[in-house]
Amino acid sequence: MSFEEFQNRSRLYVIGALESEELDEFEQARKQFGQKGEDFIGECYALHEAFALSLRPAKSSAALKERLMSMVRERSHG
Amino acid sequence: MANVANLDLDSESESAPRPPALAPELEPGAPSDTDLMLGIQAEDPEALSQLYDRYNGILKALILRVIHNEAEADDLLQEIFMEIWKQAKNFSAQKGKPLGWMVTLARRRAIDGLRKKQAYARAEERLQAETAQQPDAWVHNATEEEIEFADTRVLVRGVIDSLPPPQQQAIELAFFRGMSQREIAADTNTPLGTVKTRLELGLKKIYDGLKELKHEL
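Sequences listed follow chains C and L, in order. Each residue of the first sequence is one higher than the one before, counting from 1 in our numbering. Each residue of the second sequence is one higher than the one before, counting from 1 in our numbering.
There could be a bad hint or two in this list.
[To be verified] Pairs of lysine-lysine, PhoX-like flavour, derived with a Cα cap of 25 Å: (1) C/Lys31 x L/Lys196; (2) L/Lys204 x L/Lys214; (3) L/Lys204 x C/Lys36; (4) L/Lys86 x C/Lys65; (5) L/Lys116 x L/Lys86; (6) L/Lys86 x C/Lys36; (7) C/Lys36 x L/Lys196.
None of these hints come from the bench; they were simulated from the model. Quick caveat: nothing in here was measured; it's all calculated off a predicted structure.
Pulled out of the complex, with its shape left as it was, chain C reads as follows:
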């Protein structure tokens, strides 16, 4: 697998879109490219941030936060 193909597969990998038969080949190439490959995969996770930031924030109720913080404080004091 060329590095360009590895890059294409990496972008599919980080969003979980590699098919199972592609995954084995990808993992082999990942070992082959070593640190360079790991560095590139790390960069690809920026796609996750981008997809989330492309959305308009949705509103949550104040009660939800109160419930969450109550659970957290109980846990931290427990």
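Keeping the supplied structure of chain C fixed, place chain L upon it in accordance with the hints.
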């Protein structure tokens, strides 16, 4: 079903570069996301409170894109912030950014939730109804007028909107609904090879576009 990649930051290399910075600038003097994660690691509830205020809207929007149900999204959002609280010790600032870590966690939980509740059929109906109302492949939850992330959103959306609609649709189904290439092919009545090409080309364009944005944010 294809794998849903986990963001196990601890398993990545120490020297891995940080991904391009996308998060908006903070008010002067405000703690950084990493500061807040360190606070959570030190079990400071106030740090979680601030992180919640900063990102609950983004994470809820992400969850809603997956499950299309307000009540379930609220439940999941609460569970996800509890998981952030409990799993913060696994976060390492040297290996990634807090927002990326949280988004990956939230997406995985949302897709797991979708499958666990066997809500595919309901979500499908809702998605079709929404898509009929809003013909863009990349539809949004326009329920909130928060402007905190508006500049970033416009820039990122510009990159995404520049893709041909079939590429946007393939990425939408893969990322927000956790579909495999085969599932997308079946869902859209498109040859598998075409789906693969659309995903590869679309993701490359977005990735390249984000690198350009690094200099604008």
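Each hint, compared with the structure:
1. C/Lys31 x L/Lys196: 23 Å, holds
2. L/Lys204 x L/Lys214: Answer holds: L/Lys204 to L/Lys214 is near 16 Å, not above 25 Å.
3. L/Lys204 x C/Lys36: 18 Å, holds
4. L/Lys86 x C/Lys65: 16 Å, holds
5. L/Lys116 x L/Lys86: 22 Å, holds
6. L/Lys86 x C/Lys36: 32 Å, violated
7. C/Lys36 x L/Lys196: Judged against 25 Å, a Cα distance of about 24 Å means the pair holds.
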